Amino acid sequence: MEDNVAVIGVGLGKVGEHWEKSLRDLAIESIWMAFEDSGIDKVDALYVGNMSSGQFIEQEHLGALIADFAGLGPIPAVKVEAACGSGGAAFIEGYMGVKSGMYDYVLVTGVEKMTDVLPSKTTSILANASDRDYEAFNGVSFVALNALVMRRYMHEFNVKREELSIFPVISHKNAPFSKHAMYRKEITLESVVNSPIIADPLTLMDCAPICDGAASVILCSEKKAREFTDTPIIVSGLGLATDTLGVHDRSQMTTLSAAVDASKKAYKMSGLSPKDMDILEIHDAFSIMSALSIEDMGFAKKGEGTKMALEGQHYIGGDLPINLYGGLKARGHPVGATGVYQIGELVYSLRGDGRVDAERGLAENIGGSGATISVCILERGD
Amino acid sequence: MDVPRHWREQIKRYRLMGSKCRDCGKLSYPYRTVCPKCRSRNYEDYQFIGRGKILTFTNINSPPKEHKYNLPYAVALVELMEGPVITAQITDARAEELEIGMEVEMVTRKIMEYNDDGIICYGYKFRPIVEYSHP
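Protein chains in written order, with this note's numbering: chain A, 1 to 382; chain B, 1001 to 1135.
By construction, these hints were calculated from the structure, which means they are not laboratory data.
None of the values given here were measured: they were computed from a predicted structure.
Keep in mind that the hints are not guaranteed to be accurate.
As a list, the in silico DMTMM-like pairs of lysine to aspartate or glutamate whose alpha-carbon atoms are at most 25 angstroms apart [what the hints assert, rightly or not]: (1) B:Lys1065 to A:Glu58; (2) B:Lys1037 to A:Asp133; (3) B:Lys1068 to A:Glu156; (4) B:Lys1053 to A:Glu58.
Isolated chain A, as found in the complex (with noise of 0.2 angstroms):
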């Protein structure tokens, strides 16, 4: 027990399109949030995870920035970058921070303002997750290797493009009940197959938003988080792989081995095993991404990870909720911080919000088109 790491606070800012908030007001005000939730107010390091700060708004250093601004003092602090994964990644240097005995409290913060540039310098930035010098030079955006996998997918198991829209709409589904959702409203399977075409095969409505956002989580240990609370959240797996940079260069173009590689880490930590989970966040940026994670994380067989969707299982009440609050399409994706959302999201959850019962819960954040993914598992420490 006194080994184990938990999380003990909790902020997640409102996501969407702030024009009157910069990246530092969006970072200080998830973790005050956070200060708040836990009951401290100090803390021994800060992680912040972050994807592309200097080309989104060209600023770097934001450790020492938001160290700065939101008053914690001449802590350590650092930035973690893994593309979309950053957040994910953050975290686990966190845990480590806390878990080596080098800090009694630690500060995890993922944050990007994305919405400074116009959409098409967006695109661009985004595309700076791959290989720049032979995928993006040559046009390839990053919804269209999202595309080219997805294409790729439906030829090789024979699923129509129908059959992964319904991931948008489950996602939605859980957003009017998330207070930071962007989007909180429900939407149709027919709105999600009409909607314009990016990327042939994928429409808008595959496609999480672009926007901004912060999310706060702190960390202790186990026995420190007891004086707090009875039933504290335990960080009881991570898992974090790498993949071929390129999507080019993977000998199979429709499994995200990094996520088959540290979802095994996380349940070999954890001594758990898929069935156990009860709920999951998954990095849904784009529909496809579902599909390969619930089935490249063991819970379906290859070419069936839209089954359970289809059979209506991943809604709440179903064997296997999925992103509760929204996920990345109905929250939103500020990049760098989607992984402390949905670890944030997963304490709320296993805390208990009232809708699912739920003991065990991980999540997974993917950083470009799988070129880097982690995997945590969290469970209730009652």
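Starting from the structure of chain A, add chain B where the hints point.
Chain B only, in chain A's frame:
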């Protein structure tokens, strides 16, 4: 695209120059100085013929800013006949003509022009194989 960054890749792009592992024979495009199969660092240049088939493709409606003057365009993953898979635009074909398995060949084309430095970047695209008839 800054000038040196494109300049140093010219040969690799114009001649489809990748690498071959001298120990296990593994071919790579783009070139790799560490073999992804056997980790050998013993490699040599290897020029690909430039023929292959489409594994998957998409038509882009919402391009990155440096490619917005090229709309509409298709990109594909092309499996070269020697084995490696390459990401490239498909040219000289209408979107509705493309299909998985279609045989394509490399051509040298302009990739982007209207970038910040004003340099014209050429590179490879692929097109459906053209059968020439000689009179």
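- Query: Which of the listed hints are not met by the structure?
  - Reply: 3 and 4
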